Amino acid sequence: MPNGGSDCCGTCWFNAKNEGEAGYEHTRKATPNVCTIRKLVIVNPFYTYCGNHPHRRSKRDHVPIGPVFVGEGRELWQPSPDSEEIRQHLLELLKAIEEAPATEYPAGVYIDELVVWQVGEFRELRAEPDLLRIASFSPGASEPKFGRTRATLVATAKGALAKLRGTAA
1 MPNGGSDCCG TCWFNAKNEG EAGYEHTRKA TPNVCTIRKL VIVNPFYTYC GNHPHRRSKR
61 DHVPIGPVFV GEGRELWQPS PDSEEIRQHL LELLKAIEEA PATEYPAGVY IDELVVWQVG
121 EFRELRAEPD LLRIASFSPG ASEPKFGRTR ATLVATAKGA LAKLRGTAA
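One point on numbering: in our numbering, the residue at position 7 of the sequence shown is 7, and numbering is uninterrupted.
The hints are simulated quantities; they were obtained by calculation from the structure and are not laboratory data.
A quick note: this is a predicted structure, and the numbers were derived from the prediction, not measured.
Quick reminder that beta carbons are idealized off the backbone N, C-alpha and C, glycines included.
Be aware that a few hints might be false.
As the list claims (entries may be wrong) - Simulated restraints on C-beta separations:
id, residue 1, residue 2, range
1, T31, A100, 35 to 45 Å
2, A16, R133, 33 to 43 Å
3, L91, K39, 19 to 29 Å
4, R28, A155, 38 to 48 Å
5, A96, P139, 47 to 57 Å
6, L91, F146, 25 to 35 Å
Unchecked claim - DMTMM-like cross-link-like pairs, simulated, lysine to aspartate or glutamate; straight-line CA separation at most 25 Å:
id, residue 1, residue 2
7, K145, E84
8, K39, E98
9, K163, E124
10, K29, E19
11, K145, E98
Make the full structure from the sequences, and use the hints.
Rendered as structure tokens:
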């Protein structure tokens, strides 16, 4: 079964079709593909992605994180829902980001980068102290398994700060 990555909605435990299980077991069922946390019909589940997939968040995180992406290039399809609960959750995730990157599934946007980007999109002023902290990380800090560094995260934090300050290009 071709797909753009195993971190797709087709294998997500939040896809109603999968009955709360991650993986490929329920893919042939006639049940519609619906994201239970976003209340979103998923037209092409094997080319649709978000930050809540088990490859990104190994513990079920029922609060939507960031937008929904589609296609092999993972283009933005649906913006993140916005509520105080979602913003508070993003702020908690932001506060937990450490300088040393965690090992994570190496496809698409890493969860910490997505969190930083999303608070910037929301222009969430309460994020400023943590964005300043993250922007000061060493871009070369890395993890050994995939060689991921903090360069993109640091740049994303600086971009988010520019959005908060109204100086983004």
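- Take a quick look at whether K145 and E84 sit within 25 Å of each other, Cα to Cα. violated, 36 Å
- Query: Can the restraint linking K29 and E19 be considered satisfied, given a maximum Cα separation of 25 Å?
  - Reply: The given pair, whose Cα atoms are some 11 Å apart, holds under the 25 Å limit.
- Query: Does the hinted range 47 to 57 Å hold for A96 and P139 at CB?
  - Reply: Given range 47 to 57 Å: violated, Cβ gap about 20 Å.
- Range agreement (Cβ of A155 with Cβ of R28, hint 38 to 48 Å): Taking Cβ atoms as reference, R28 and A155 lie about 42 Å apart, which means the hint holds.
- Item | Verdict for L91, K39 (Cβ pair) under range 19 to 29 Å | holds, 23 Å
- Message: What's the verdict on K39 and E98, does the C-alpha distance respect the 25 Å limit or exceed it?
- Response: Answer violated: K39 to E98 is near 32 Å, above 25 Å.
- Query: Hey, K145 versus E98, does the alpha-carbon distance stay inside 25 Å?
  - Reply: holds, 17 Å
- Can you let me know if the beta-carbon spacing of T31 and A100 is within 35 to 45 Å? Given about 41 Å between the Cβ atoms, the range holds.
- Cβ-Cβ distance between L91 and F146: within 25 to 35 Å? Holds - the Cβ-Cβ distance for L91 and F146, about 27 Å, lies within 25 to 35 Å.
- Query: For the pair supplied as a hint, K163 and E124, is the alpha-carbon distance within the 25 Å limit?
  - Reply: holds, 9 Å
- Item | Beta-carbon spacing of A16 to R133 - inside the hinted bounds 33 to 43 Å or not | Hint holds: Cβ distance 38 Å, inside 33 to 43 Å.
The structure shown violates the earlier hints numbered 5, 7 and 8.
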